[in-house]
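Enquirer: So the sequence lines, in the order shown, correspond to chains A and B.
Counting from 142, one number per residue, gives the positions in the first sequence under the numbering used here.
Counting from 977, one number per residue, gives the positions in the second sequence under the numbering used here.
Note that these hints are calculated values from the structure, not bench results.
Note that this is a predicted model, so its numbers are computed, not measured.
Watch out, some of these pointers could steer you wrong.
[Claimed, not checked] DSS-like mimics (lysine-lysine), calculated; alpha carbons at most 30 angstroms apart, straight line: (1) A:334 x B:1146; (2) A:334 x A:171; (3) A:176 x B:1146.
Listed below, chain by chain, are the residues.
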Amino acid sequence: MHISEGILSAPVLATGAALTVVGTAIGLKKMDYDKIPEVAILSSVFFVASLIHVPLGPTSVHLILNGLLGLLLGWSAFPAILVALFLQGILFQFGGLTTLGVNTINMALPAVVCYFLFRHAVTSENSWVEIGGAFCCGFLAVGLSGIMVALSLLFTGQSFINVAKLILLAHLPVMLIEGLFTVFVVKFLKKVKPEMLEVANATN
Amino acid sequence: MISEHLSEGTSYLHDFDPRLKIIVALIYSVTVALLTNFTLLFASLVFSLVLVTWGRLSIATVLKRLLVINGFVFFLWLVLPFSYEGKTLFEVGPLAATQPGVYQALRITLKSNAIILCLMALLSTSPTFMLVHALHHLKVPSKLVHLFFFTYRYIHVIYTEFTRLHTAMKVRSFTPSTNIHTYKSYAYLVGMLLVRSYERSKRIYQSMLCRGFNGKFHTLYHFESKPQELVSAAIMTVFVLLIAIGQWIPLGKILTF
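Take the sequences, apply the hints, and build the full model.
Expert: The following block contains the structure:
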């Protein structure tokens, strides 16, 4: 969920920008030149996935997949998400320049957290651990993003409490879908290209 | 899907040095995002509209984008007026819309539209490749610039790949609905996209090495600001300074709403 321009207060915008600079610096440092095409292509997949709408009852939701991106990229998820969001900003004006920092940290921090929590679970031999890990990874990444969006609004002003609650509520079904989605994608990758999950484990 | 036709015009803003445009857009967005004074917010909206007119952007495209982006603002209008304490303006059932709530919603609406219009006028009038070049000249870390170029380039490739896979699903009578089958099919689609992208990225890196890639980034475009552009950028900066002064330095009560 992008927070649009003109809503958040100066301290929230500044904190978001500062944290994003730190995260991106770590991500760039850990990303060697030979990894650039890979990170860039996964960043474009992330961009394109956000254009895929999956049906949910009478409406539809678009995919976020930050948990999956975290699993595949580790710390490099920071620059990847930053770049995808910046391009969305200049191509469609979704998000913008001042909110770029906050929006990046809101999506990238959960991605990195889930990477450290679940990177071993998803490569486990035990299929229950694998399924559970993948589900929690997708589920939690979106959930944490929702909480961070809600907190960004709450730190801006207590009056955003209703908006924040509604946003959290709207994230619940998306969390379930993303959890399921991550399970299926991880299963698929394990069958077709298992090294994709292992490479990320080895390099970060 | 990813159209850049706003960047295909021939106005003065289209030829403008992208480095200056990025700097002005950045300081303008930051300043407007922090405004609270209504007079200044209206002034900024007018300023952004002047920029859009100056860039001779297609009105239909601008309106269409504004409509999409204002979705979140519209949602705030449904909630915010009822979330503040204060003088009641009108009531809907048990809920009372208060004056501070409506003011806050109005403030956010003006801010986001002013900023978005300015971004459209200044950033969307340059092709993305030029903007990224400009970022490079503005000393953004080279790895990040590389990432921008590659990502932007491959968004198109990946999107084409996605439409091909999606068409293949549709000709096999895939109809999306709310069930596990649909999610599984989409997940396999994304999985396939990831696998193909991964393999493509390996091939790309190999071919880069074949062409002598050593981590250096050779730029083809070098920008030079014409004196006239520097003057225009200075005028825009003066406007930003004026609204900043109006907001944070109390010049009597003339400017306050």
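Enquirer: Which earlier hints can't be squared with this structure?
Expert: Violated hint (a single one): 3; every other hint is consistent with the structure.
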